[in-house]
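Visitor: This is what each chain is made of:
Protein chains: 2
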Amino acid sequence: MISKTYQAMLSKKSVIRELSEQATAMAKDGAMEIFDYSLGNPSVPVPQVFNDKIVELLRTGNPMLVHGYSPSLGIPEVKEKIAASLNRRFAMNYEGKDIFMTSGAAGALAHAFRLVTEPGDEILTFAPYFPEYGPYIAPTGCTLRTVPANTENFQINFEAFETMLNPKVQAVLINTPNNPSGVMYSEETLRALSDLLLKKEREFGHEIWLISDEPYREIVFDGKTAPYISHFYPRTLSCYSFSKSLSIPGERIGYLAVNPACGVSDMLVTMCGQISRGIGHNCPSSVIQLAVADTCDITADLSVYETNMNLLYDCFTRMGLRTVRPGGTFYIMPKSPEEDANAFSRKALKHGLVFVPCDTFALPGYFRVAYCTDTEKVKRSLPVIEDFLHKEYGL
Amino acid sequence: MISKTYQAMLSKKSVIRELSEQATAMAKDGAMEIFDYSLGNPSVPVPQVFNDKIVELLRTGNPMLVHGYSPSLGIPEVKEKIAASLNRRFAMNYEGKDIFMTSGAAGALAHAFRLVTEPGDEILTFAPYFPEYGPYIAPTGCTLRTVPANTENFQINFEAFETMLNPKVQAVLINTPNNPSGVMYSEETLRALSDLLLKKEREFGHEIWLISDEPYREIVFDGKTAPYISHFYPRTLSCYSFSKSLSIPGERIGYLAVNPACGVSDMLVTMCGQISRGIGHNCPSSVIQLAVADTCDITADLSVYETNMNLLYDCFTRMGLRTVRPGGTFYIMPKSPEEDANAFSRKALKHGLVFVPCDTFALPGYFRVAYCTDTEKVKRSLPVIEDFLHKEYGL
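These protein sequence lines are chains A and B, in that order. When we follow the working numbering, the leftmost residue of the first sequence carries the number 14, and every step to the right adds one. When we follow the working numbering, the leftmost residue of the second sequence carries the number 14, and every step to the right adds one.
For reference, chain A alone in the conformation it holds in the complex (with noise of 0.2 angstroms):
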């Protein structure tokens, strides 16, 4: 018997995939120039020094290290590396025992649902999020219920969060800087994230766990750097990936940090190398670990990200369209001319525009704009975006 559950999730179709293929149709025909703004996509290459460290472990180490099995939790000597990296950058106290190697963040975001929640539970989110985190959740047998967006600044809503935090919840997922927002919350809204867990927290009588997606910290902009979620709250799990930040994405590498303040940190790292055996995860290839543990500290050039997003920033509001100043990572998110962003969507195609509704971001009204592709590109769309504005809405 072919499984139900999976089947029927063939039929859901993905409207970013589903524009994409779209728009790649359109760049074949050839008629108009393409923006595809659809895919968040690193477009910045490697550091050299990420590839130069795979050759030399290629062509001096011993093979069978190299290789070799890495043991469940990782590679002690690159999970040491990597907590002495947080610790130099962030002011944190981690140890390599507090560090889980995943596979990417969406490794990482699979082991914390099971660390902390059995089915049954639930999990709190905030409009708007990544659409994967749902499929992501539902084996875990735990609902995942989504907080109403503070479409003001897109911090957080605190009078509606409030009210949905029930005895049933026992994580809280954020993503700072957002996608698709591009938002980063404040050390202010941290606070108060952090004071109003820990209030329930004993109001309840158990713990609630703060699942911190954090694959774009360190694209941040205006010379800023991200408030590192830990330091807010004892009981945060950190989950990363270097896709963003050293552009390899299909590397899938990333970890899950445990901070050691939650006081069992060493108990969760282990039970994470359970949760592996039962998922088919046996840890991130062992040279890409080794080669990360030494490029750790650095990442590829971001810095067209930043200038991708003040261009964009600024055709959008000069053009009258409600935008919040993205604080990092490389999106943006207009507030959509008409209330339905599809039909917004669909006429910025026929001019070669392609955005995403926020629909699935359980945001409608809004669209991302993923501006991770070259900045003369994005130049020559500027005029694309207020021509298609005026001609559609009288911009």
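These are computed hints drawn from the structure, not numbers from a lab. Bear in mind that the values here come from a model prediction, so they are computed numbers and not experimental data. A virtual CB, placed ideally from N, CA and C, is assigned to each residue, including glycine. Misleading hints may appear alongside valid ones.
To be verified - Cβ-Cβ distance ranges computed for the label pairs, FRET-style:
id, chain 1, residue 1, chain 2, residue 2, range
1, B, D65, A, E389, 34 to 42 angstroms
2, B, E90, A, P180, 47 to 55 angstroms
3, B, M280, A, R359, 52 to 60 angstroms
Unchecked claim - Once the Cα atoms are required to be at most 30 angstroms apart in a straight line, the calculated DSBU-like pairs of lysine-lysine come out as:
id, chain 1, residue 1, chain 2, residue 2
4, B, K17, A, K17
5, A, K17, B, K212
6, A, K17, B, K181
7, A, K110, B, K25
8, A, K17, B, K213
9, B, K17, A, K213
10, A, K41, B, K110
11, A, K212, B, K17
As the list claims (entries may be wrong) - Some chain B residues near chain A, calculated using beta-carbon distances under 8 angstroms:
id, residue
12, M22
13, S24
14, V59
15, L128
16, Y149
17, A151
18, P152
19, Q183
20, H219
21, D279
22, T283
23, R290
Guided by the hints, dock chain B onto chain A, whose structure is given.
Guide: Structure of chain B alone, referenced to chain A:
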């Protein structure tokens, strides 16, 4: 709340790991040479051409492709090359779309179980079997039931198997050449297995899937080739790993190959992409995928395993231990000279010999010898084995 399910798993200690840790401590002590036959870890280096391929990709490839996202089902050209290799070597008719790239055989199994079962179903496997099958299957909600061994030759005990085949059985899991016995199923066994499954399918009015765990497919002795399972049964899901054939266990690369004769391979491979979302797997490393695509026809120099097997087989049979001669792998599984193989292993350890009792492989009274080590060391161990069996058992 911390998951009680995974917390409970922490208390279960692995016998193999405990033995290996004791052996490591004894080796440090230095009083005698320790012959650690506990771990099934490839002991030969990767073929140079594999490393050369990676270096070439890093030096001359487009970094956005080499390190870029793989499509969720795997990189199409990689899947096509693997299909072509299987077709050449095993006279199959796979296309790229029948292949799903995975994190080793463990990843392939995790997807295979979820493809063809729903919670509450039964999966049958045959003693002796790799103990990780238990935790692999647990979170699917299926029950793993064990068909008693055919201790005559470790082919299939068909009488017991037929008794246990009932309408709740949706999948049968085999592993040939086998860990821990080293035995390879004969064509006769596979034909009889297929005939019985086809008969029971008709009787039950539903499909029964054959999940074939094949990490040792290329380690076959006496100049033979392993019978290719899909030739015998249309509904075969082949779970393969390059860990042993290319000696790259740390790179976590393998695939699930769906027999196109099943008629629904397109759908099953596409469903794997849905399963992946929920278990945090998003393809193996892109650069490793690209490297195996061009090396999937070759293997590391695996001849040492056959040399070691012959030395140990001759030694154990000479000493009077009942031993079925392995057809492949890097394991051999003699019958313990006393009923309690745990007591036997503890005695062996005092002589510096690390043998794993097969109780955790669902076969009490036998022990596993993993001879993935260098031949000189195996040779030095032979008089120690003889001395041990003589002194402790008068053999």
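Visitor: So if I understand the rule, the pair passes when the alpha-carbon distance is 30 angstroms or less; does K110 (chain A) with K25 (chain B) pass?
Guide: 20 angstroms, holds
Visitor: Using the nearest Cβ pair, does L128 (chain B) come within less than 8 angstroms of chain A?
Guide: 6 angstroms, holds
Visitor: Should the hint that M22 (chain B) touches chain A count as held when the rule is a Cβ pair under 8 angstroms?
Guide: With a closest approach of 4 angstroms, the M22 (chain B) hint holds.
Visitor: Would you settle whether the hint for D279 (chain B) is holds or violated, based on the nearest Cβ-Cβ distance to chain A being less than 8 angstroms?
Guide: 10 angstroms, violated
Visitor: Is 47 to 55 angstroms a correct range for the gap between the Cβ atoms of E90 (chain B) and P180 (chain A)?
Guide: With Cβ atoms ~52 angstroms apart, the hint holds.
Visitor: Given the hint that K212 (chain A) pairs with K17 (chain B), test it: the Cα-Cα distance must not exceed 30 angstroms.
Guide: Holds, because 24 angstroms separates the two Cα atoms, which is no more than 30 angstroms.
Visitor: Does H219 (chain B) hold up as a contact with chain A if the rule is Cβ-Cβ below 8 angstroms?
Guide: At 5 angstroms from the nearest chain A Cβ, H219 (chain B) passes the 8 angstroms test, so the hint holds.
Visitor: Below or equal to 30 angstroms on CA atoms is what counts here, so check K17 (chain A) against K213 (chain B).
Guide: 22 angstroms, holds
Visitor: Next pair to validate is K17 (chain B) with K213 (chain A); report whether the Cα-Cα distance is within 30 angstroms.
Guide: 22 angstroms, holds
Visitor: Is it true that the C-beta distance of M280 (chain B) to R359 (chain A) lies inside 52 to 60 angstroms, as the hint says?
Guide: 30 angstroms, violated
Visitor: Does the nearest C-beta of chain A fall within a distance shorter than 8 angstroms of the C-beta of S24 (chain B)?
Guide: The hint is violated - S24 (chain B) has no Cβ within 8 angstroms of chain A, the shortest such distance being about 10 angstroms.
Visitor: Next item in the hint list is A151 (chain B). Is there a CB on chain A closer than 8 angstroms to its CB?
Guide: 6 angstroms, holds
In summary, the structure is inconsistent with hints 3, 13 and 21 from the numbered list given earlier, while agreeing with the others.
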